[in-house]
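Modelling step: build the complete structure from the supplied sequences, incorporating the hints.
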Amino acid sequence: MSRLPEIANPKRKAYPSDMSDAEWSVLQPLIPAGKGFGRPREVDFREILNAIFYVQRTGCQWEMLPHDLPPYTTVYFYFCKWHRKGIWQQMHDQRRADLRQKMGRTIDSSVAIADSQSVKTTEKRGGIYGFDGGKKVKGRKRHLVVDSQGLLIGVLVTEANASERLGAVVTLDEASDKLSRLEVVWVDQGYSSKKFAHAVQQVCGEPVRVEVIKRTSKSFEILPKRWIVERTFGWLNRYRRLSKDYELYCEMSEAMIYGAMIQLMLKRLAA
1 MSRLPEIANP
11 KRKAYPSDMS
21 DAEWSVLQPL
31 IPAGKGFGRP
41 REVDFREILN
51 AIFYVQRTGC
61 QWEMLPHDLP
71 PYTTVYFYFC
81 KWHRKGIWQQ
91 MHDQRRADLR
101 QKMGRTIDSS
111 VAIADSQSVK
121 TTEKRGGIYG
131 FDGGKKVKGR
141 KRHLVVDSQG
151 LLIGVLVTEA
161 NASERLGAVV
171 TLDEASDKLS
181 RLEVVWVDQG
191 YSSKKFAHAV
201 QQVCGEPVRV
211 EVIKRTSKSF
221 EILPKRWIVE
231 RTFGWLNRYR
241 RLSKDYELYC
251 EMSEAMIYGA
261 MIQLMLKRLA
271 A
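271 is the number that this note's numbering gives the last residue of the sequence shown; the numbers go up by one with no jumps.
To be clear, the hints were calculated from the coordinates, so they are not data collected in a lab. Treat the numbers as computed from the prediction; the structure is a model and nothing was measured. Ideal placement from N, C-alpha and C gives every residue a C-beta, glycine not left out. Hints are supplied without guarantee of correctness; some may be wrong.
Label pairs and their calculated CB-CB ranges [unchecked claim]:
#, residue 1, residue 2, range
1, 207, 67, 55 to 65 Å
2, 29, 176, 25 to 35 Å
3, 81, 177, 15 to 25 Å
Next up, the structure:
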């Protein structure tokens, strides 16, 4: 059994989801600085992040955070505030760039893999949910674009009956600033369309090509290059908060995905 990480608050025992000192040193420089005036900041942001990671890892409700962590109202306030200001995505993109450099790769990938995952919702969450007739899932759909290492480039959460192709194009468009070196987009047969390939070229540039990875038989097989994005979905499934879509708004679901990927990359950067 591995040793539990060190914690900022010595008055409580560590949880397996807590950041170690090395992981905190990686993420701390990206925490927003104080305004420099007014009442001094009293919040321990390391404990705030530990509480958010606890929710993501265990899947508990915000109201059921353990009492030795900060009050759930404070934790949820910062989770939403950082989402509104785009801080979750900024922290994710910076750590992704650092991890790619640590792996000896350029910051921007020349390869992208697009796919989607339909997940159930617990209730009629907000106004965005639907029924995926192909996978027989009522809920929402996660559109992911990842690089050759399975690291997240962009994410979009929509209703489950949304078009996979349109979701991939929108995700690529929103992440266009991270695709300066993009040469090829790998997709499965669900994306095989001349209109989709043309839309990708319109969004990413004319030289970018779309390669469809086709099955050779009806039985199960591991498709070359396609398993990378499936592995990323597997990483997300480790976080119980992402086993279903529990969030009221799709934007909060996207923030949860960014948070899970941040936690995953921290362990690699601090190793």
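Hint by hint, here is what the structure shows:
no., hint, in the structure
1, 207 to 67: 55 to 65 Å, "holds (56 Å)"
2, 29 to 176: 25 to 35 Å, "holds (26 Å)"
3, 81 to 177: 15 to 25 Å, "holds (23 Å)"
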